[in-house]
Amino acid sequence: MTPFGPGIIRILGFPLLALVSIAFALSTTGSKLLVVLDPSINKEDYSIFFDDLKDRDFALDFRSANDPHLSLFNYGERAYDHVILTLPPTQKALGPNLLAKPLLEFMTNGGNLLVLLNPNEHALGSVREFARELDIHLPFRDTKLVDHFHFDTVASPNLHDTVILDPATSLVSPLILQVARSKKIVYSGSAFALGNNQLLFPILRASDTAYVYDPAEELLASDSPFVSGTQAYLVAGIQARNNARAVIVASSSMLSNDAINAADSANRELAAGITKWTFQESAVIKLASVTHKLANTAEENPLIYRVKQNITYEAEISEWIGDKWVPFVADDVQLEFTMLDPYYRLTLSPVGANGDSELYATTFQAPDQHGMFTFHLNYKRTGLSYVEDKRTVTLRHFGHNEFLRSFEIPNAYPYITSVVLVVVAWLLFTVLWVFSGPEKVPEKKTL
Amino acid sequence: MLLRNILVASLAVCVSSPFVSAWTFSNATLAINERSGTLETRLFSMSVPLPDIMSLPSSALARLRFTVRSDLTPDTNNKPHQAYAIIEDPVTKLESSFAVDVRENGRARVDIDYKTIPTALLGPNKPLTMTIVLASFGTESPLKVEIGQIQPVYNGPAPAGPLRFGPKPEITHRFRPDPKFVSSTISLFFSAIIVFVAIVLIGNWLYLGAMPFKLLTALASSPLGHLGFFTSIVAMEIAFFKYYLGSTIFNLIAQVSVLAPIAFLSGSRALREVRSRRLKGEW
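These protein sequence lines map, in sequence, to chains A and B.
Taking this note's numbering, the leading residue of the first sequence gets 452, the next gets one more, and so forth.
Taking this note's numbering, the leading residue of the second sequence gets 1413, the next gets one more, and so forth.
This is chain A alone, in the form it adopts within the complex:
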């Protein structure tokens, strides 16, 4: 049931995530990481970013975007567990093995993807197509995100295109990805718009006074921004239904050494948080086991239950914390007992830790409708791995000997007395009939 491939297993739990910046953490998917480098990017400018990845035991393989021997697949299996893709300025420079379709197949095969858009040329057709599959709408070429209210006064005093973001308002899911609140995030590039797909996991958005404009068209006044305010997203991810994750970062310069070394910059922590989420080191949960049984009995997972019996359902969920699985506690795990429609939707309450997982249980009475019912545990929350389990059981009718007896039903008392009286009267009649005779034998009269 777990979609994770072989690999060293470690976990990263969210309460620890805020404190862990360069901690020991391994991915549940594997450690083979491909970095596709656009030749126009200098690897040394991102040395801190790549060194942090190496510290987390990833085996980095640096290749150029137009390398003809580069393939994400090897004899039908994926050759890497994760890919960091930086984009060259032109579509031709991106080889045929990195177009939208191979990237989507890579995700279908369980691989994780981190796409870093070029700050200026974010318009490659294949990437735009790939992003559209994820319901992410990339900006046009040469557009820039500006914020006249929160900008770096030293780096861009007039153009306002190096933007300062406050983690308190710009991080969309602080429970899953958090940085120190006292620091700021430095950003320079463009921003994209998101659709309403529920699989999307937005990570970082612009402040409400920012907007994206095209310097070529809107030099005098911004009258039709591509996206503005908090609808402009800088980092957003998607977790597919097979739990593969992809994240698009609207500008690779956010992860460069310059941005990381800026004073008070939280970019390094943010980069660690983004890569940990993307490469399945954090916010990963799994279903350790599921059992259902008749309440207060020992036999587990029978195939047949009877209408109106009390059934206990237990599930165990674990969470990955860097290097091991630990119990995952939540208060909104729900179970549906379904036949076409849910007859029950109950919240499983966490009972206690059981080894490396948390036990959730509930007991309910089987409905009075017979049929084939499914125990459907569907725990999908934005940012966490999806957990889904379906078990089908039969719910049979009452057996002929499981109904109330007639003597337990007051309505039947007259009929029972009649039957009993008939039996008694018949026996009495037989006695009277067999042993009847004249009391005194009439004497024979003799003449």
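Read the hints as simulated data drawn from the structure, not as lab findings.
Certain hints may be false.
As the list claims (entries may be wrong) - Below 25 Å or equal to it, Euclidean Cα-Cα: the simulated PhoX-like pairs (lysine-lysine) are:
{"#": "1", "chain 1": "A", "residue 1": "505", "chain 2": "A", "residue 2": "552"}
{"#": "2", "chain 1": "A", "residue 1": "759", "chain 2": "A", "residue 2": "775"}
{"#": "3", "chain 1": "A", "residue 1": "744", "chain 2": "A", "residue 2": "841"}
{"#": "4", "chain 1": "B", "residue 1": "1580", "chain 2": "B", "residue 2": "1505"}
{"#": "5", "chain 1": "A", "residue 1": "483", "chain 2": "A", "residue 2": "494"}
{"#": "6", "chain 1": "A", "residue 1": "759", "chain 2": "A", "residue 2": "744"}
{"#": "7", "chain 1": "A", "residue 1": "841", "chain 2": "B", "residue 2": "1692"}
{"#": "8", "chain 1": "B", "residue 1": "1505", "chain 2": "B", "residue 2": "1527"}
{"#": "9", "chain 1": "B", "residue 1": "1580", "chain 2": "A", "residue 2": "831"}
{"#": "10", "chain 1": "B", "residue 1": "1692", "chain 2": "A", "residue 2": "891"}
{"#": "11", "chain 1": "A", "residue 1": "775", "chain 2": "A", "residue 2": "831"}
{"#": "12", "chain 1": "A", "residue 1": "505", "chain 2": "A", "residue 2": "483"}
{"#": "13", "chain 1": "A", "residue 1": "759", "chain 2": "B", "residue 2": "1692"}
{"#": "14", "chain 1": "A", "residue 1": "634", "chain 2": "B", "residue 2": "1505"}
{"#": "15", "chain 1": "A", "residue 1": "831", "chain 2": "A", "residue 2": "841"}
Unchecked claim - Negatives, chain B to chain A, calculated, CB over 12 Å:
{"#": "16", "residue": "1454"}
{"#": "17", "residue": "1471"}
{"#": "18", "residue": "1555"}
{"#": "19", "residue": "1565"}
{"#": "20", "residue": "1595"}
{"#": "21", "residue": "1665"}
Since we're looking at a predicted model, the values are computed, not measured.
Positions of the beta carbon are idealized from the N, C-alpha and C atoms, including for glycine.
Let chain A serve as the given structure and place chain B on it in line with the hints.
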């Protein structure tokens, strides 16, 4: 590199304040216009927002007019790069911005048409805050000021939001009601009527003279037959009664297969004795 890092040591964040901003606006009015004419007009200013919540009917638009001025370059350029009117739902923090058309002389206008308000911002009893943002490149400090609240009239149910993961409402199955039984008293009353009828019947038999007068003589002449017969039929009734209470059909068949031959044989002996009495005239 190092020098630049030192220079970047303080990342200054500009905070807008309506009183020290280089961008200002004046002569501001908000008019709610419908096809038939203007419904109402209000004045506002940078320091005095609109006093009440303006209501925007579904066929109307809100027309904002004001004059923009840049304190730094009032003669050459009164046109900020960013001139937006932003409407925001203070509860969900969703916002939508409308670009303001600013002319060279500073006159600015923007229409917030009911039809262009995104449905996510509509709903019953959801006033939206209106903010004007004026900002541009360069070093002039920008302006962001809330000018009032507007409530687009919406009478239907709140529009359904997009699909999102999350817990769904709990469902508990409602069982069919248990069958209702009549009270024991009424039932026993009817049972009593039946018992009464049975007593009347047996009483009538006795009244008509049915008495086992020949019991002793019959038993004396054929003890095995009569005793055997009667014990076997009573035993059969007991066997059926136990079957009613829960023994299996196989137990019943076993017991009946033992009792039936006994009843048959002893019964025929008993009837032979009765025949002898009948022939003698004593039955």
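How the hints compare with the structure:
1. A/505 - A/552: It is violated: about 29 Å lies between the C-alpha atoms, which goes past 25 Å.
2. A/759 - A/775: Cα-Cα ~41 Å, so violated.
3. A/744 - A/841: It holds: about 15 Å lies between the C-alpha atoms, which stays within 25 Å.
4. B/1580 - B/1505: Distance ~23 Å between residue 1580 of chain B and residue 1505 of chain B Cα, so the pair holds.
5. A/483 - A/494: 19 Å, holds
6. A/759 - A/744: Distance of about 14 Å is within 25 Å: holds.
7. A/841 - B/1692: Violated. Residue 841 of chain A to residue 1692 of chain B sits at ~86 Å, over the 25 Å cutoff.
8. B/1505 - B/1527: 20 Å, holds
9. B/1580 - A/831: 11 Å, holds
10. B/1692 - A/891: The given pair, whose Cα atoms are some 13 Å apart, holds under the 25 Å limit.
11. A/775 - A/831: 22 Å, holds
12. A/505 - A/483: Within the cut-off at roughly 11 Å; holds.
13. A/759 - B/1692: 68 Å, violated
14. A/634 - B/1505: Since the Cα atoms of residue 634 of chain A and residue 1505 of chain B sit roughly 23 Å apart, the hinted pair holds (cutoff 25 Å).
15. A/831 - A/841: 14 Å, holds
16. 1454: Given that every Cβ of chain A is farther than 12 Å from that of residue 1454 of chain B, nearest at about 25 Å, it holds.
17. 1471: 25 Å, holds
18. 1555: About 10 Å separates residue 1555 of chain B from the closest Cβ of chain A, which leaves it inside 12 Å; violated.
19. 1565: 24 Å, holds
20. 1595: 7 Å, violated
21. 1665: 18 Å, holds
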